[in-house]
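Protein chains: 2
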Amino acid sequence: MDLKELFANIKNLVDKEVTVEGWIKNHRDQKTFGFIDFSDGTCQEHLQIVYDEKLDNFNAITKLLIGCAIKVTGIIRKSSGKQDYEMQALKIELLGDCAKDYPLQAKGRPTREFLREIAYLRPRTNLFQAVFRVRSIAAYAIHKYFQERGYVYFHAPLITASDCEGAGEMFQVTTIPLDKIKGEVDYSKDFFGKMTNLTVSGQLEAETFAMAYKKTYTFGPTFRAENSNTKTHASEFWMIEPEIAFCDLEGDMDIMEDMLKYVVKYVLENALSEIAFFDNFVEKGLKDKLEKLINSKFVRIDHEEVIKILKEAKVDWEFTPEYGEDIAKEHEKYITEYFNGPVFIKNWPKDIKAFYMKQNPDGKTVAAVDLEVPGAGELMGGSQREENYDKLISRMTELGMDPKSLDWYLNLRRYGGCVHSGFGMGFERLIIYLTGVDNIRDVIPYPRTPGNCDY
Amino acid sequence: MDLKELFANIKNLVDKEVTVEGWIKNHRDQKTFGFIDFSDGTCQEHLQIVYDEKLDNFNAITKLLIGCAIKVTGIIRKSSGKQDYEMQALKIELLGDCAKDYPLQAKGRPTREFLREIAYLRPRTNLFQAVFRVRSIAAYAIHKYFQERGYVYFHAPLITASDCEGAGEMFQVTTIPLDKIKGEVDYSKDFFGKMTNLTVSGQLEAETFAMAYKKTYTFGPTFRAENSNTKTHASEFWMIEPEIAFCDLEGDMDIMEDMLKYVVKYVLENALSEIAFFDNFVEKGLKDKLEKLINSKFVRIDHEEVIKILKEAKVDWEFTPEYGEDIAKEHEKYITEYFNGPVFIKNWPKDIKAFYMKQNPDGKTVAAVDLEVPGAGELMGGSQREENYDKLISRMTELGMDPKSLDWYLNLRRYGGCVHSGFGMGFERLIIYLTGVDNIRDVIPYPRTPGNCDY
Numbered sequence: 001m002d003l004k005e006l007f008a009n010i011k012n013l014v015d016k017e018v019t020v021e022g023w024i025k026n027h028r029d030q031k032t033f034g035f036i037d038f039s040d041g042t043c044q045e046h047l048q049i050v051y052d053e054k055l056d057n058f059n060a061i062t063k064l065l066i067g068c069a070i071k072v073t074g075i076i077r078k079s080s081g082k083q084d085y086e087m088q089a090l091k092i093e094l095l096g097d098c099a100k101d102y103p104l105q106a107k108g109r110p111t112r113e114f115l116r117e118i119a120y121l122r123p124r125t126n127l128f129q130a131v132f133r134v135r136s137i138a139a140y141a142i143h144k145y146f147q148e149r150g151y152v153y154f155h156a157p158l159i160t161a162s163d164c165e166g167a168g169e170m171f172q173v174t175t176i177p178l179d180k181i182k183g184e185v186d187y188s189k190d191f192f193g194k195m196t197n198l199t200v201s202g203q204l205e206a207e208t209f210a211m212a213y214k215k216t217y218t219f220g221p222t223f224r225a226e227n228s229n230t231k232t233h234a235s236e237f238w239m240i241e242p243e244i245a246f247c248d249l250e251g252d253m254d255i256m257e258d259m260l261k262y263v264v265k266y267v268l269e270n271a272l273s274e275i276a277f278f279d280n281f282v283e284k285g286l287k288d289k290l291e292k293l294i295n296s297k298f299v300r301i302d303h304e305e306v307i308k309i310l311k312e313a314k315v316d317w318e319f320t321p322e323y324g325e326d327i328a329k330e331h332e333k334y335i336t337e338y339f340n341g342p343v344f345i346k347n348w349p350k351d352i353k354a355f356y357m358k359q360n361p362d363g364k365t366v367a368a369v370d371l372e373v374p375g376a377g378e379l380m381g382g383s384q385r386e387e388n389y390d391k392l393i394s395r396m397t398e399l400g401m402d403p404k405s406l407d408w409y410l411n412l413r414r415y416g417g418c419v420h421s422g423f424g425m426g427f428e429r430l431i432i433y434l435t436g437v438d439n440i441r442d443v444i445p446y447p448r449t450p451g452n453c454d455y
Numbered sequence: 001m002d003l004k005e006l007f008a009n010i011k012n013l014v015d016k017e018v019t020v021e022g023w024i025k026n027h028r029d030q031k032t033f034g035f036i037d038f039s040d041g042t043c044q045e046h047l048q049i050v051y052d053e054k055l056d057n058f059n060a061i062t063k064l065l066i067g068c069a070i071k072v073t074g075i076i077r078k079s080s081g082k083q084d085y086e087m088q089a090l091k092i093e094l095l096g097d098c099a100k101d102y103p104l105q106a107k108g109r110p111t112r113e114f115l116r117e118i119a120y121l122r123p124r125t126n127l128f129q130a131v132f133r134v135r136s137i138a139a140y141a142i143h144k145y146f147q148e149r150g151y152v153y154f155h156a157p158l159i160t161a162s163d164c165e166g167a168g169e170m171f172q173v174t175t176i177p178l179d180k181i182k183g184e185v186d187y188s189k190d191f192f193g194k195m196t197n198l199t200v201s202g203q204l205e206a207e208t209f210a211m212a213y214k215k216t217y218t219f220g221p222t223f224r225a226e227n228s229n230t231k232t233h234a235s236e237f238w239m240i241e242p243e244i245a246f247c248d249l250e251g252d253m254d255i256m257e258d259m260l261k262y263v264v265k266y267v268l269e270n271a272l273s274e275i276a277f278f279d280n281f282v283e284k285g286l287k288d289k290l291e292k293l294i295n296s297k298f299v300r301i302d303h304e305e306v307i308k309i310l311k312e313a314k315v316d317w318e319f320t321p322e323y324g325e326d327i328a329k330e331h332e333k334y335i336t337e338y339f340n341g342p343v344f345i346k347n348w349p350k351d352i353k354a355f356y357m358k359q360n361p362d363g364k365t366v367a368a369v370d371l372e373v374p375g376a377g378e379l380m381g382g383s384q385r386e387e388n389y390d391k392l393i394s395r396m397t398e399l400g401m402d403p404k405s406l407d408w409y410l411n412l413r414r415y416g417g418c419v420h421s422g423f424g425m426g427f428e429r430l431i432i433y434l435t436g437v438d439n440i441r442d443v444i445p446y447p448r449t450p451g452n453c454d455y
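As given, the protein sequences belong to chains C and F, one line each in that order.
Taking this note's numbering, the leading residue of the first sequence gets 1, the next gets one more, and so forth.
Taking this note's numbering, the leading residue of the second sequence gets 1, the next gets one more, and so forth.
Calculated directly from the structure, the hints in this document are not laboratory data.
Accuracy of the hints is not assured; some may be wrong.
Same chains, same names: a pair is fine if it fits in one copy or spans any two.
What the hints assert, rightly or not - Calculated pairs, DSS-like style, for lysine-lysine (alpha carbon to alpha carbon, straight line, at most 25 Å):
1. Lys231 - Lys189
2. Lys63 - Lys16
3. Lys82 - Lys107
4. Lys284 - Lys78
5. Lys11 - Lys189
6. Lys289 - Lys329
7. Lys100 - Lys189
8. Lys16 - Lys284
9. Lys194 - Lys180
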């Protein structure tokens with residue numbers, strides 16, 4: 001029986017015989033009895049197993065090390081210890097031994113930096129056990145949200161010959177033997193007959209699905225070959241990119257807000273112990289923060305208004321806020337504190353935003369939006385897309401892009417194009433927000449960053 | 001209102017006013033009235049919209065072309081035509097015009113080959129609309145199955161420095177400017193400081209999660225740089241790889257069978273119209289095939305027994321079946337027909353299987369299994385994994401693999417390793433099976449094959 005199931009039904013299991021399989025997390029043996037702190041990884045809770053010298057193999061059991069895989073049959077009973085219930089063992093069987101050099105011993109709390117070095121073992125610790133379970137639950141919540149509302153899940157291509165944003169540094173994908181290259185590269189000999197890269201976004205392709213299914217979303221890996229070593233950048237990460245036809249910027253914000261609240265609520269309800277753990281050991285007040293988000297009404301305000309508020313603030317800024325420019329982390333922080341809640345900043349200066357965003361009548365801004373969240377900064381970004389063929393072409397030309405390279409994308413505007421919008425959410429940003437674990441390297445099982453590609 | 005919602009409640013909507021937004025799929029205009037075949041892509045069903053000269057813009061409406069995006073307000077009523085219900089339009093508004101060169105006209109049925117050339121438009125056709133919706137529904141069913149049973153969803157790394165199978169041709173990932181390479185490549189200058197590739201499987205990494213969470217599954221893209229142009233091979237495809245601790249080969253087969261039946265049942269229940277469409281236009285008898293699978297008990301038989309049956313068969317084989325060797329497509333077909341249902345072929349000759357598979361006591365076979373399904377051949381492959389450290393090392397050495405390169409994987413056997421098993425299912429194979437659409441290029445939105453990387 002899984003521990004998850006056992007704990008869900010534990011009241012009915014008192015005095016009943018149960019068999020579990022899992023691992024020893026800690027072990028204290030006395031002369032005539034012992035306690036095993038036991039977990040099978042199906043839930044955050046551990047089971048205390050009590051055994052005594054009545055067992056045939058008592059001596060062998062007392063020698064079992066932390067990390068061993070065991071199978072235990074026993075009786076569930078109320079406990080007089082700090083836990084409510086425990087198991088009195090009738091039989092303990094060693095399934096898999098654990099070497100003495102096992103790095104996860106009970107004594108001392110290993111640092112997160114050390115645990116990154118043994119990433120293949122860290123999900124066995126309480127912290128990472130909780131992080132990656134929440135990651136799984138949040139991923140499911142996202143699918144559930146969109147599927148129950150009729151969105152079609154779209155698998156965007158990963159290897160691509162086009163660059164969505166016209167920017168973003170990309171990884172090249174090739175089968176050409178590099179050590180045989182002499183001077184110019186003949187891409188007709190490459191696997192796809194042309195130069196290819198790993199995608200930085202599935203948005204443009206997702207728009208083709210929005211024009212067919214009205215509502216679509218991606219949930220898949222994306223890549224950036226940026227040489228930046230920060231807490232929030234990884235070279236490989238997962239993104240959610242919904243795209244909705246017949247939806248303007250206001251509708252887009254409605255969906256962003258509704259989806260985020262749904263996912264946070266789902267995690268609060270389905271990862272009770274994990275959230276309690278983070279609240280205790282990682283970020284005090286995490287649970288309150290999440291509950292507050294669910295119950296708040298997100299503010300919607302123009303970028304220009306935000307700059308005005310920042311300029312009027314009695315703060316000694318490191319970066320002076322300016323109309324027509326991007327805002328810095330310190331500004332994001334100020335503005336969420338100013339409104340005491342999540343803030344949609346909308347209608348951004350067009351010169352700092354992507355070519356496909358809807359040009360506003362003022363000629364200066366685009367219908368773009370960033371969601372700023374207390375304690376985490378930017379969590380999502382979206383925009384209404386430019387549906388006007390001519391405006392899109394002229395913007396691309398202005399930016400030095402070749403419209404021919406995206407003829408299929410432009411054709412979406414010629415073949416029944418309509419008002420449509422979408423947004424992107426970095427999945428790891430969400431997990432950082434949900435867990436309080438503030439380094440992206442600690443919320444991806446096997447993170448890829450400059451110079452790091454293990455496992 | 002979405003058409004999906006509209007059709008779900010249509011009886012209650014009769015004589016009510018409703019507004020819909022979507023696209024013109026076909027249009028017949030008479031002198032004083034007209035019919036628009038309308039779809040918004042939220043379901044397979046189309047809505048017939050009837051309009052007449054009472055509308056102010058009647059003349060303009062009669063000129064609307066196939067592909068146009070429109071907004072229609074009208075009254076739902078019972079229809080005297082072939083459909084049960086229709087909408088009598090009160091107002092029709094053009095939201096997005098469609099150019100005359102729009103390739104998806106009503107006349108003539110475009111070939112699948114032609115539609116591949118315009119992959120960005122093909123989800124608008126009835127066939128592909130159904131294929132990619134079923135793809136989305138099936139993906140959700142898979143998540144639902146595993147999540148409801150407590151599996152942790154694991155995102156395997158895509159860029160990797162290790163080669164899971166020791167085989168598989170791989171794509172290289174690099175940021176080294178290829179045209180500047182002179183002779184030997186200095187990988188210390190590459191993004192990750194070493195040579196990296198795109199993963200061919202997340203299994204080995206998934207095993208690290210199985211040893212922490214007991215039950216885990218991957219669902220993500222995998223890559224093969226094989227230069228093969230067949231109906232079943234793509235260079236980029238999605239795989240599901242569950243991995244379960246304390247589970248042997250028999251338990252593995254239980255899960256494979258249970259999961260497949262669940263997913264097929266879910267799709268049958270949630271994609272009624274799509275399955276009916278495939279049954280009518282793509283594969284006669286598809287629905288029966290799927291229903292039969294749900295109700296069948298899968299046969300479990302040793303590879304050796306299969307060879308015996310094949311050898312005794314009065315068939316003029318193209319490839320002679322042999323003990324100790326792989327079986328061919330014609331054999332797979334024969335064996336599923338012989339048993340008239342799905343067949344697990346287990347305990348395969350070790351020399352044709354991967355290094356990590358559990359070595360059976362006979363010294364000749366491994367605890368591997370392939371699931372053969374009528375009409376589709378191999379749909380899944382799995383195995384119990386070798387949990388014995390020494391046996392695993394000696395097998396790797398036998399095969400010329402360097403155990404040091406996978407020390408973390410081997411350590412799983414030293415640190416509380418236990419009996420465990422897993423399997424892999426190519427997601428596109430499943431979609432081919434579910435839809436009857438027999439070319440992998442037609443079940444992936446933007447397929448990547450040798451020489452092809454568009455969009």
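Now the hints, each set against the structure:
no. : hint            : verdict
1   : Lys231 - Lys189 : between (39 Å within a copy, 23 Å between copies)
2   : Lys63 - Lys16   : neither (27 Å within a copy, 76 Å between copies)
3   : Lys82 - Lys107  : within (20 Å within a copy, 75 Å between copies)
4   : Lys284 - Lys78  : neither (31 Å within a copy, 60 Å between copies)
5   : Lys11 - Lys189  : neither (67 Å within a copy, 60 Å between copies)
6   : Lys289 - Lys329 : within (19 Å within a copy, 57 Å between copies)
7   : Lys100 - Lys189 : neither (52 Å within a copy, 38 Å between copies)
8   : Lys16 - Lys284  : neither (38 Å within a copy, 53 Å between copies)
9   : Lys194 - Lys180 : both (18 Å within a copy, 18 Å between copies)
The structure fails to meet hints 2, 4, 5, 7, 8 from the earlier list, while all remaining hints are met.
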